[in-house]
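Chains A and B, in that order, give the protein sequences. If you read the first sequence in my numbering, its first letter stands for residue 1, the second for the next number, and so on. If you read the second sequence in my numbering, its first letter stands for residue 442, the second for the next number, and so on.
Careful: at least some of the hints might be erroneous.
Within a straight-line C-alpha distance of at most 27 Å, the following computed DSSO-like cross-link-like pairs (lysine-lysine) qualify [as the list claims (entries may be wrong)]: (1) A:K153 <-> A:K242; (2) A:K92 <-> A:K242; (3) A:K153 <-> B:K747; (4) A:K153 <-> A:K386; (5) B:K533 <-> B:K817; (6) B:K444 <-> A:K338; (7) B:K683 <-> B:K817; (8) A:K153 <-> A:K306; (9) A:K92 <-> A:K376; (10) B:K683 <-> A:K242; (11) B:K747 <-> B:K664; (12) B:K664 <-> B:K533; (13) B:K594 <-> B:K664; (14) A:K306 <-> B:K594; (15) A:K3 <-> B:K779.
Just so you know, these hints were derived from the structure itself, not from any lab.
There are 2 protein chains.
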Amino acid sequence: MEKPLQLGLAGLGTVGTGVYETISRNHAILEARAQIPFAIRKVAVRDLSRPRDVELPPGLLTDNWRDLVDDPEIDIIIELIGGTTEAYRLVKAALQARKPVVTGNKALLAEYGSELFQLSATMGVPLYFEASAGGGIPIIQSMQNSLICNHIKSIIGIINGTSNYILSSMELEGVSFETALARAQQLGFAEADPTFDINGWDAAHKALILTMLAYGTPLTSDKIYVSGIQGVQQVDFEFARKLGYNIKLLVVIRHHDDTDALELRVQPSFIPNDHILASVDGVFNAIAVDGDIVGETLFYGRGAGKNPTASAVIADVITAMRESLHPEHHTGFHPYDKERRVLNINETVTPCYVRFRVADRPGTIAEIASSLAWHKIGISATSSTKGAPDEHGTMWNDLVFILHSCPWGQLQAALAEIAQFADIDPSPAVFRIEKLGTSST
Amino acid sequence: MEKPLQLGLAGLGTVGTGVYETISRNHAILEARAQIPFAIRKVAVRDLSRPRDVELPPGLLTDNWRDLVDDPEIDIIIELIGGTTEAYRLVKAALQARKPVVTGNKALLAEYGSELFQLSATMGVPLYFEASAGGGIPIIQSMQNSLICNHIKSIIGIINGTSNYILSSMELEGVSFETALARAQQLGFAEADPTFDINGWDAAHKALILTMLAYGTPLTSDKIYVSGIQGVQQVDFEFARKLGYNIKLLVVIRHHDDTDALELRVQPSFIPNDHILASVDGVFNAIAVDGDIVGETLFYGRGAGKNPTASAVIADVITAMRESLHPEHHTGFHPYDKERRVLNINETVTPCYVRFRVADRPGTIAEIASSLAWHKIGISATSSTKGAPDEHGTMWNDLVFILHSCPWGQLQAALAEIAQFADIDPSPAVFRIEKLGTSST
Ligand SMILES: NC(=O)c1ccc[n+]([C@@H]2O[C@H](COP(=O)([O-])OP(=O)(O)OC[C@H]3O[C@@H](n4cnc5c(N)ncnc54)[C@H](OP(=O)(O)O)[C@@H]3O)[C@@H](O)[C@H]2O)c1
Ligand SMILES: NC(=O)c1ccc[n+]([C@@H]2O[C@H](COP(=O)([O-])OP(=O)(O)OC[C@H]3O[C@@H](n4cnc5c(N)ncnc54)[C@H](OP(=O)(O)O)[C@@H]3O)[C@@H](O)[C@H]2O)c1
Chain A
1 MEKPLQLGLA GLGTVGTGVY ETISRNHAIL EARAQIPFAI RKVAVRDLSR PRDVELPPGL
61 LTDNWRDLVD DPEIDIIIEL IGGTTEAYRL VKAALQARKP VVTGNKALLA EYGSELFQLS
121 ATMGVPLYFE ASAGGGIPII QSMQNSLICN HIKSIIGIIN GTSNYILSSM ELEGVSFETA
181 LARAQQLGFA EADPTFDING WDAAHKALIL TMLAYGTPLT SDKIYVSGIQ GVQQVDFEFA
241 RKLGYNIKLL VVIRHHDDTD ALELRVQPSF IPNDHILASV DGVFNAIAVD GDIVGETLFY
301 GRGAGKNPTA SAVIADVITA MRESLHPEHH TGFHPYDKER RVLNINETVT PCYVRFRVAD
361 RPGTIAEIAS SLAWHKIGIS ATSSTKGAPD EHGTMWNDLV FILHSCPWGQ LQAALAEIAQ
421 FADIDPSPAV FRIEKLGTSS T
Chain B
442 MEKPLQLGLA GLGTVGTGVY ETISRNHAIL EARAQIPFAI RKVAVRDLSR PRDVELPPGL
502 LTDNWRDLVD DPEIDIIIEL IGGTTEAYRL VKAALQARKP VVTGNKALLA EYGSELFQLS
562 ATMGVPLYFE ASAGGGIPII QSMQNSLICN HIKSIIGIIN GTSNYILSSM ELEGVSFETA
622 LARAQQLGFA EADPTFDING WDAAHKALIL TMLAYGTPLT SDKIYVSGIQ GVQQVDFEFA
682 RKLGYNIKLL VVIRHHDDTD ALELRVQPSF IPNDHILASV DGVFNAIAVD GDIVGETLFY
742 GRGAGKNPTA SAVIADVITA MRESLHPEHH TGFHPYDKER RVLNINETVT PCYVRFRVAD
802 RPGTIAEIAS SLAWHKIGIS ATSSTKGAPD EHGTMWNDLV FILHSCPWGQ LQAALAEIAQ
862 FADIDPSPAV FRIEKLGTSS T
């Protein structure tokens, strides 16, 4: 029998507890399948006096993560403390101490990925991060290994469960944004502070990780254009339904062959109802990857939560153990390509849906339409619904335009002009319309 | 620079050509990502004089696969010759010569899996088989690595592209079974002899491989109940649509916790339209895996074809190279659990759809209904459509019953009785109705 490998677990919050529990519960099947004996040797937390959901043998806990890094018996470090300050120090120290690291910290990788993967490459010590994007969905390992021979043409995904839960509730139950958010929080699907879920930044951090895997080098977060779901209203779902669309917070990563540039954005988007992504509801995530050899693939599952995330962390732990004795060909990431140009959002081209709130008086449609025409933006459909009077007795209606494909910048110029007009709310709701393939053959 | 690893490729047909072309075309990105130099050293075919779709350097081809196994310079063998006779000899000889093997041969694994994985375990030499199920979909690696900590509760999938193409065409375009099959052959989606696609056995071979991964040991093919799509007719789609269902050739693998027994079958099935599997159209495959920790996941992509299959083969080749120097913790399969009891098909329980062809005379509904009642099978709906007269002038109608959940054996007993009645076609069409979860939260 080999000597058991020793794990150091930093963090015993939501995910750390899931990891600890799952390793205890399914330990037999893990060792049988992986054929590697292992044990958790130390667990670091912030507050030793805090009650825990799991029973721990005495002496396992420490409130200093350095005890894990400094312990010569510990072979592998699992970072689940979150944040970017202490987590950064911990991961760096672990790699420097030649201990492979498993993390689920997308914020850390978005901020320090470049430096940490460089360090990993220099030291020859892998950093694994399956849990950092897509929760239980094995998207990282699939990108790293299974799709390794593919030039990635695009990655289109729904990768924030909270915002998808809110949008699904609005769509399927007709509730308002506020009601949907409150319920998500009640059910524990949204955190107390859901800012990064709603404003798109959680999805953006994950998108940066997927882009790095697909195109060979970490990118800083100023490279991605991000807008969230704050502006989505019931009336948008009504219009979407009529047009055969659903609304999703969509990550779009696309390689433009002609210019070798990347398109990289997170925006609320209309997607056709017959595309498989349109039926991804609730807290589920889905990621469609299009490769030049494999064609279109899609990965679907729970994008967050204690157990699904623990499943991903443990998969990495097993890989880390398998590769720990001979890390020279490890499956963690190492930068392998130069940075590509990322398109400015204004260069990106799609059809759009724009909803204006306008005062109920003759001429507003004509004014908006003329401005769009002057900016050479074609209109493929327009529709309006009666609104309600405001406190001054003015009626406000919703006026929707479906616009032909044009660069985002061109549309913004038109919208800036329209914002000057009287009786038109200067902040319209604007969603991309994504013409995703239906892949029927 | 390391010495390049040398590959021996056996077979240069559909998939072999895809592998050769892809390795040539995307060689740079493969080496950059994997950081392992490699080259194809020899290619074995049956007929040296046959014209090839790829340009080959002189001296690469041989018509004897033993040249690959015997070449001490060759590190890894890729088996893409198909069949179970020579392929069996080749894989066995390669493992005995301590050369890791990559194969896409599901028939081989269904027939000789038990012996070959035992040999692989004894020799400590891995056998990889990502391409044997799900084509480009990374289901094998995901089961082996990413979901490693999960007890698998069920695997439900559409894993034969040809039959799914036929069913989709029937559903979406209203064509007959025969027309759909002819077109699939014309477009190259069905082979000249599509017997195993239509009768369910191709799906069954893949199901046996997935069962082995999930439950730890190879099973022989007599353990799986298989029925194909031959009996599906347009009228079934009409009824399905009215009821909110679609018809798919479904693989069902399920662990019954109470008895520790496996349910294992391939049958044409009704699935609810709001389940994501119902929208898997054309030659696409999809596999839903439910794990106790990760929850529900789904993998979707092209299940066959030159390039998607090549993508899977090459992923295995890279893994084989990574692990070839230190195979003691390889990610190929080794048996790790005892064989479980598999339920007899008669023990399995679902609601069913049954369509009888009956002569147009009073009393047939009553006769069938009484027989079902006598066998204690509840009817939840019944419906009929007018048919056409046969050559004797007798009108034949389609009579459909939707039946409550009951064991398959109980239904078969009733059907055996009904088959004795006059004026009722003795071979009704019978489909399982699968109440798949909708997973909305
Ligand atoms: N939750 C999810 O669904 C999910 C999904 C994917 C990825 N992730 C990522 O996983 C990571 C952990 O998330 P979580 O939800 O488990 O967080 P959490 O519930 O807030 O838990 C954090 C844990 O880390 C400990 N900790 C914090 N600072 C520490 C320090 N300086 N030294 C030692 N221990 C420290 C805390 O100790 P105390 O218990 O003593 O406070 C706590 O146990 C984050 O990077 C997150 O982005 C989470
Ligand atoms: N096609 C798919 O979409 C697909 C998908 C998944 C898995 N697979 C599996 O992949 C394998 C190959 O399929 P395929 O479609 O590529 O088959 P194929 O087109 O029939 O090609 C078979 C190749 O093997 C060669 N060959 C046959 N017997 C040989 C022998 N005894 N010695 C040396 N070479 C021999 C043939 O040589 P010649 O060229 O000289 O005749 C031919 O090049 C099968 O196991 C199949 O089940 C196929």
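Unmet hints by their number, sorted upward, for this structure: Going through the list in order, the structure violates hints 1, 2, 4, 5, 8, 9, 11 and respects the others.
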